[in-house]
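Trainee: Work the whole structure out from these sequences, hints included.
Chains A and B, in that order, give the protein sequences. Oh and the first sequence: position 21 is 21 in the UniProt record's numbering, straight run, nothing missing. Oh and the second sequence: position 142 is 142 in the UniProt record's numbering, straight run, nothing missing.
Do not take every clue at face value.
Stated by the list, open to error - Label pairs and their computed distance ranges (CB to CB):
id, chain 1, residue 1, chain 2, residue 2, range
1, B, Tyr153, A, Asp22, 37 to 45 Å
2, B, Val14, A, Glu5, 37 to 45 Å
3, A, Val17, B, Gln21, 28 to 36 Å
4, B, Asp69, A, Arg105, 33 to 41 Å
5, A, Arg105, B, Gln21, 18 to 26 Å
6, B, Gly161, A, Arg9, 22 to 30 Å
7, B, Val22, A, Ala124, 31 to 39 Å
8, B, Tyr153, A, Val17, 23 to 31 Å
9, A, Glu26, B, Pro149, 15 to 23 Å
Said to hold, decoys possible - Chain A is nowhere near these chain B residues, computed Cβ spacing over 12 Å in every case:
id, residue
10, Asp11
11, Gln21
12, Asn25
13, Asp69
14, Leu73
15, Asp121
16, Ala182
17, Leu187
No lab work stands behind these hints: they were computed from the structure. Note that the coordinates shown come from a computational prediction; the quantities given were computed from them, not determined experimentally. Ideal Cβ positions, reconstructed from N, Cα and C, are used throughout, including at glycine.
Below, each chain spelled out in residue letters.
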Amino acid sequence: MTDDELVDRLRAIAVRVDPPPDFVAELARAALSTRRIDEVLAELVHDSTTELPALARSDDEQLRLLSFEHGAVSIELQVHTVDGTVSIRGLVDGATGDVTVETSRGSREAPVDEEGWFTVDGLATGVLRLRVPAGDTTVTTSWITP
Amino acid sequence: MLGSPDNDNADLLVRAADGDQVAWNALVDRYNNLLWSIARGFRLDVADAADAVQNTWLRLVENLDRIADPERLASWLGTTARRECLQLLRRAGRQPTAGTPELLTELPDPAPPLDTDLLRDERDAALWRALESLSERCRQLLRILMASPPPRYTEVAAALGMAVGTVGPARQRCLESLRQLAEADELLGGRASAAPERP
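Mentor: Laid out in structure tokens, this is it:
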């Protein structure tokens, strides 16, 4: 058997014993509905996990610091994960309303105080993103995996 | 479809960015198996592999009009999937520091063994067991090469964070190791490199 034939044979095995489950493809197709043409994406400008793994305090508890920016809007996040539950303490600058936290299960509003702070507790692990109104547009962060 | 399979990515991306579900589904059909193979190559279990694949698709949705080189979309997806896998491994405490996939060689296997009962052919079963006994880097490389349709070396390199020129030689070396393990396995009646038994 040549190398190419062997790889083809392995591929045929993978198709039988380890194909992507149907629900994975269904979720992927549904992902298009998360597109928001009328909103602008805030870029991730800082992520503690790419430089400070020591912030992970233990296997069950992790702290991640993230910064997003778009134009005059900035969003600073402390994402704290304990025993599979995520809480967020955040500071926004340049927003003109409350923060919406969007997860794969729905969305929640979080009031922003006079100084720009907000808190969200009790989120499940999994992807999430934040949206904040800024004048006549809405700024959305990229998806975060806490 | 004409010529190279990826030459209409640009068109599909533009249409998907416009909300065209049919175009988006075509992209999903084209690359979902590759993304799954990458996640399984990182030894993510089904739930984590599903998360890594979904997160990768979500990132493509938010970047639909920012893919600079549509012909290299598969490499972009591979790089993104790799980051998502590493992030999930980090979250699970299975990886001590960032950006060092080589460390995965030190890690225990969190993924359950696959159901080899599906493989009635003894040689196929021996090959699958041998794959599990390979070095981590080889197992990961071969699992990604097993994606359908077959990935290009540039895409494999992106998914593994390795230089394109090293994919071919590594493939050859890993396949040779696989052959030896599979032959030993068959000679010894399937016990030589059998995965640990689990329920």
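Trainee: Are the hints correct? Go through all of them and say.
Mentor: Results of checking the hints against the structure:
B:Tyr153 and A:Asp22 have their C-beta atoms about 29 Å apart, which leaves the hinted 37 to 45 Å range violated. Distance hint check: the CB atoms of B:Val14 and A:Glu5 are about 39 Å apart, consistent with the given range 37 to 45 Å. With their beta carbons about 31 Å apart, A:Val17 and B:Gln21 fall inside the hinted range of 28 to 36 Å. Judged by the Cβ atoms, the range 33 to 41 Å given for B:Asp69 and A:Arg105 holds: they are separated by roughly 34 Å.
Remark: the range hint 18 to 26 Å for A:Arg105 to B:Gln21 is upheld by a beta-carbon distance near 22 Å. A C-beta distance of roughly 27 Å is found between B:Gly161 and A:Arg9, which places it inside the suggested range of 22 to 30 Å. Roughly 32 Å separates the CB atoms of B:Val22 and A:Ala124, a value that falls within the hinted 31 to 39 Å. At about 25 Å, the beta-carbon gap between B:Tyr153 and A:Val17 stays in the expected band of 23 to 31 Å.
Judged by the Cβ atoms, the range 15 to 23 Å given for A:Glu26 and B:Pro149 holds: they are separated by roughly 20 Å. Every C-beta of chain A lies more than 12 Å from that of B:Asp11, the closest at about 16 Å, which supports listing it as non-interface. Distance check on B:Gln21: its Cβ comes as close as 6 Å (rounded) to a Cβ of chain A, failing to clear the 12 Å threshold; non-interface status is violated. The claim that B:Asn25 lies off the interface is violated: its Cβ sits roughly 5 Å from the closest Cβ of chain A, which falls inside the 12 Å cut-off.
Every CB of chain A is more than 12 Å from the CB of B:Asp69 (nearest about 19 Å), matching its label as outside the interface. Distance check on B:Leu73: its Cβ is at least 14 Å (rounded) from any Cβ of chain A, clearing the 12 Å threshold; non-interface status holds. For B:Asp121, the condition that its CB be more than 12 Å from all CB atoms of chain A is violated, with the nearest at approximately 9 Å. Not every CB of chain A is more than 12 Å from the CB of B:Ala182 (nearest about 9 Å), against its label as outside the interface.
Non-interface call for B:Leu187 relative to chain A: holds, since the shortest CB-CB distance, roughly 17 Å, exceeds 12 Å.
Hint compliance for this structure: hints 1, 11, 12, 15, 16 are not met, and every other hint is.
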